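Which chain is which? The protein sequence lines are A and B, in order.
136 is the number that UniProt numbering gives to position 136 of the first sequence; each next residue is one higher, with no gaps.
74 is the number that UniProt numbering gives to position 74 of the second sequence; each next residue is one higher, with no gaps.
Simulated from the structure, these hints should not be mistaken for lab results.
Treat the hints loosely; a few may be bogus.
Treat identical chains as interchangeable: a pair holds within one or across any two.
[What the hints assert, rightly or not] Below, simulated SDA-like cross-link-like pairs (lysine to any residue); rule was C-alpha separation at most 25 Å, straight line:
1. Lys170 x Arg425
2. Lys364 x Phe102
3. Lys364 x Phe327
4. Lys78 x Gly349
5. Lys49 x Gln108
6. Lys49 x Tyr363
7. Lys428 x Glu233
8. Lys170 x Ala207
9. Lys92 x Lys209
10. Lys197 x Leu2
11. Lys313 x Ser139
12. Lys364 x Arg117
13. Lys77 x Glu372
14. Lys197 x Asp142
15. Lys209 x Ser159
16. Lys428 x Asp362
17. Lys92 x Arg387
18. Lys258 x Glu416
19. Lys197 x Thr94
20. Lys49 x Thr75
21. Lys313 x Leu293
22. Lys77 x Tyr24
23. Lys388 x Tyr363
24. Lys428 x Ser18
25. Lys197 x Arg25
26. Lys322 x Glu416
27. Lys197 x Val36
Quantities reported herein were computed from a predicted structural model and do not represent experimental measurements.
2 protein chains.
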Amino acid sequence: MLSIAEASSEAHVGSEVSVRGWVYRIRSSGGVTFIVIRDSTGIVQCTAKKNELTPEQYDEISSLGIESSLSLIGTMKKEPRSPTGYEISIHKFTVYQKNDVFPITKDQGEEFLLDNRHLWLRSREFTSILKVRSTIFRSFADFFYDQGYYQVHTPFMVSTAVEGGSTLFKVDFFGEPIFLNQSAQFYLETMIYSLEKVFTIAPSFRAEKSRTRRHLTEYWHAEAEVAWIDNREMMDVEENMIYYIIQRVIEENYDDLKLLGRDPEALRAMKPPFPRVKYSDIIKVANEIGMQLKYGDDLGADEERQITMRYCKPVFVTNYPKELKPFYMPQDPDNPSEVLNHDLLAPEGYGEIIGGSQRIWDYKELMQRIREAGLDESAYYWYIDLRKYGSVPHSGFGLGMDRLAMWIMHLDNIREAIPYPRTIRRTKP
Amino acid sequence: MLSIAEASSEAHVGSEVSVRGWVYRIRSSGGVTFIVIRDSTGIVQCTAKKNELTPEQYDEISSLGIESSLSLIGTMKKEPRSPTGYEISIHKFTVYQKNDVFPITKDQGEEFLLDNRHLWLRSREFTSILKVRSTIFRSFADFFYDQGYYQVHTPFMVSTAVEGGSTLFKVDFFGEPIFLNQSAQFYLETMIYSLEKVFTIAPSFRAEKSRTRRHLTEYWHAEAEVAWIDNREMMDVEENMIYYIIQRVIEENYDDLKLLGRDPEALRAMKPPFPRVKYSDIIKVANEIGMQLKYGDDLGADEERQITMRYCKPVFVTNYPKELKPFYMPQDPDNPSEVLNHDLLAPEGYGEIIGGSQRIWDYKELMQRIREAGLDESAYYWYIDLRKYGSVPHSGFGLGMDRLAMWIMHLDNIREAIPYPRTIRRTKP
Ligand SMILES: [Mg+2]
Ligand SMILES: [Mg+2]
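Kindly produce the complete structure, drawing on both the sequences and the hints.
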């Protein structure tokens with residue numbers, strides 16, 4: 001048995017090949033049935049001829065509906081009029097399952113398609129999306145492994161919240177309330193004392209009521225923490241990581257990008273260094289293009305969209321006002337009202353994909369910020385301990401993998417970047 | 001700046017080196033302070049001499065407690081009496097943080113150590129455990145990527161349970177109840193029609209009240225589904241995968257295994273093929289060694305421990321009685337009271353690490369089993385659809401990554417195999 005991509009090559013022309021898959025298109029005309037078969041590697045046109053099969057066989061194969069499954073044996077030929085330039089002339093076949101009508105056709109509503117996501121995933125678009133996504137996950141991990149990072153794992157059911165309590169999902173843990181984690185960061189920080197450079201790729205959960213095109217209630221979060229490096233060095237790592245992923249996707253999924261309408265060359269042009277712009281300068285840029293933003297305003301989805309439409313490369317926004325960022329980000333010694341942070345905004349209107357910063361490593365500074373934030377010190381005992389015993393300077397970041405995938409593939413909605421999106425209105429299938 | 005492993009080499013003997021890390025041991029004697037420093041790569045003994053430093057410097061470095069953090073510059077020498085054969089003679093140093101007393105010392109109770117897991121992880125044993133774990137995760141994924149599998153992602157908040165409802169954690173989803181997923185299997189099955197060969201590595205959640213040494217309420221679950229293959233071929237893939245992981249761990253973590261007291265050569269001997277024993281024969285074996293088991297009894301932790309003490313390789317147990325296994329496993333045509341399944345039991349008393357099977361792909365057969373099991377058909381509409389539209393034969397498995405790690409490292413308790421174990425009695429830190 002060959003994959004369709006393997007079979008569709010010069011080497012097999014004139015030979016008998018066996019392939020299997022699903023009916024992608026079918027039509028009959030003048031005693032010949034043309035069936036386009038798809039598998040995970042591609043499509044190929046096959047022909048069944050009335051005068052070469054028994055009447056029962058010809059009837060069986062001619063009556064297959066879209067997405068019927070079958071295997072077949074036939075002769076591979078060159079055929080310039082077929083969609084791929086190859087064609088298989090069928091001698092024998094076995095039907096695994098005959099469908100009459102496949103539920104997904106053109107012109108169906110969004111809700112119907114979401115209810116039938118398990119079938120919709122078979123489209124060529126989704127197949128390409130899933131392949132690109134797989135490359136993105138693999139290459140993220142490879143980038144860090146190859147630089148001596150270790151992959152680690154942090155808990156999901158937690159009692160301490162990294163980013164505050166309003167967007168936490170509550171779980172009934174044998175009768176006690178507990179929360180689903182929103183970030184691995186604090187736990188990753190505990191592991192730099194053993195391993196120095198760590199990353200994790202895991203789901204995070206946010207009970208956000210947002211219905212924007214870039215929010216999910218569960219999403220894949222890739223996070224890293226690194227001992228001994230500062231905010232600038234962290235940005236150096238990240239821009240190289242993003243470009244490494246882009247290059248791998250172009251190399252391994254060129255045709256998938258094309259099929260999705262994403263120009264691989266536009267991506268290839270997004271080479272580091274990425275611009276690094278202070279928050280205060282981004283506010284100026286925003287006002288120059290007619291937005292009404294003042295210093296101290298946060299950048300939401302809308303603002304980021306308008307701003308990043310101006311950029312053709314990802315852009316780091318640094319030095320946010322302290323009030324807009326969490327307690328663990330250190331103040332900039334040159335301007336204590338700002339913190340040593342960086343958000344990475346994807347260009348072309350996509351907006352935030354990474355949030356990162358240097359982390360406060362001084363015990364007194366951390367305790368002051370915890371008190372200012374009004375947090376319960378006892379819940380953070382283990383996080384505070386890290387600054388009491390052998391604390392070292394360090395930085396880290398969190399990357400929204402689904403957002404990265406959405407931007408790399410230039411998709412319209414984050415729901416298209418993940419097989420089974422979970423939003424405030426959607427938990428099935 | 002060099003890592004301790006890089007600095008501790010012939011090439012640097014006689015040269016000035018810079019290293020940094022944490023105090024692992026310290027003692028003073030006759031005007032010399034011996035400090036063993038550790039970083040993520042290893043340890044090295046350093047000496048500070050009273051007559052080569054200022055009195056303030058000598059006092060500062062001599063008074064550092066365990067786990068204090070520092071960087072230092074000094075001359076690398078060979079020193080047969082040091083723990084690694086190398087020694088650095090300190091010229092200059094910078095203390096990042098001085099500790100007086102590190103909370104973790106010898107002879108501390110289990111609960112204290114679990115409460116201070118964030119500090120306990122710095123031990124050399126845990127550092128090695130975390131490194132081996134990282135290799136296991138990387139090599140699992142590499143094995144499948146290299147065979148053309150795609151990594152995919154499935155949802156966590158679900159309304160359909162794979163293995164029944166009694167051990168589900170309930171989440172408050174904006175006021176509605178929803179459950180944490182226990183297995184990606186059904187969702188993986190939906191993706192074989194696009195990609196044919198898929199895997200995922202993700203947390204699974206089980207509200208089991210067991211307090212055995214091999215259960216966690218959240219654990220890392222690696223699952224795969226593969227179109228067109230049967231139960232036997234699935235076992236072939238799995239035994240090769242297990243052996244690939246073992247080989248990578250031996251190659252990349254030989255010293256870690258030694259430090260943990262696991263003999264790498266005992267692991268290396270566990271070459272495929274692994275024995276494949278029918279459930280009915282395992283019951284006979286159990287009774288021969290004095291256990292009181294009858295056909296139809298399930299194998300729990302205790303039974304698997306006793307049975308696998310007899311094996312020095314992993315063993316597949318196939319052909320379970322239908323009643324002991326879930327509805328989606330097909331009956332063996334040669335014996336319809338048994339199913340085409342396989343559990344992989346790790347030897348040396350460890351027991352089940354994989355559960356897998358062929359999956360029912362015939363629509364009528366599936367519907368009959370769903371009805372026999374008394375399940376709500378409407379909740380499974382999307383799973384049933386897979387047998388209505390282009391169904392194909394397929395098989396899959398789920399592997400408990402923490403259990404695999406526990407067995408590979410020969411650990412006593414699964415809690416030692418994961419940084420932050422979650423059990424019925426433990427949700428912090
Ligand atoms: Mg933002
Ligand atoms: Mg069992």
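Hints versus structure:
1. Lys170 x Arg425: both (18 Å within a copy, 18 Å between copies)
2. Lys364 x Phe102: between (65 Å within a copy, 18 Å between copies)
3. Lys364 x Phe327: within (13 Å within a copy, 58 Å between copies)
4. Lys78 x Gly349: Neither. Shortest intra-copy (44 Å) and inter-copy (59 Å) distances fail the 25 Å Cα cut-off.
5. Lys49 x Gln108: Classified as neither; 34 Å inside a copy, 80 Å across copies.
6. Lys49 x Tyr363: neither (80 Å within a copy, 30 Å between copies)
7. Lys428 x Glu233: Answer is neither: 42 Å inside a copy and 32 Å across each miss the 25 Å cutoff.
8. Lys170 x Ala207: both (9 Å within a copy, 15 Å between copies)
9. Lys92 x Lys209: Neither, since 55 Å and 55 Å both go past 25 Å.
10. Lys197 x Leu2: Between. Shortest inter-copy distance 14 Å satisfies the 25 Å Cα cut-off; intra-copy 43 Å does not.
11. Lys313 x Ser139: Close inside one copy (20 Å), not across copies (34 Å); limit 25 Å.
12. Lys364 x Arg117: between (52 Å within a copy, 23 Å between copies)
13. Lys77 x Glu372: Neither. Shortest intra-copy (74 Å) and inter-copy (49 Å) distances fail the 25 Å Cα cut-off.
14. Lys197 x Asp142: both (14 Å within a copy, 21 Å between copies)
15. Lys209 x Ser159: both (22 Å within a copy, 20 Å between copies)
16. Lys428 x Asp362: So Lys428 and Asp362 pass the 25 Å test across copies only (24 Å; inside, 46 Å).
17. Lys92 x Arg387: So Lys92 and Arg387 pass the 25 Å test across copies only (24 Å; inside, 71 Å).
18. Lys258 x Glu416: Within one copy only: 16 Å inside a chain, 47 Å across chains, cut-off 25 Å.
19. Lys197 x Thr94: between (53 Å within a copy, 21 Å between copies)
20. Lys49 x Thr75: within (13 Å within a copy, 83 Å between copies)
21. Lys313 x Leu293: This pair counts as within: shortest intra-copy Cα distance 23 Å, inter-copy 66 Å.
22. Lys77 x Tyr24: within (19 Å within a copy, 70 Å between copies)
23. Lys388 x Tyr363: This pair counts as within: shortest intra-copy Cα distance 6 Å, inter-copy 62 Å.
24. Lys428 x Ser18: Intra 37 Å, inter 56 Å, cutoff 25 Å: neither.
25. Lys197 x Arg25: between (50 Å within a copy, 23 Å between copies)
26. Lys322 x Glu416: Neither, since 34 Å and 39 Å both go past 25 Å.
27. Lys197 x Val36: between (49 Å within a copy, 21 Å between copies)
When the structure is compared with the earlier hints, violations turn up for hints 4, 5, 6, 7, 9, 13, 24 and 26 and for no others.
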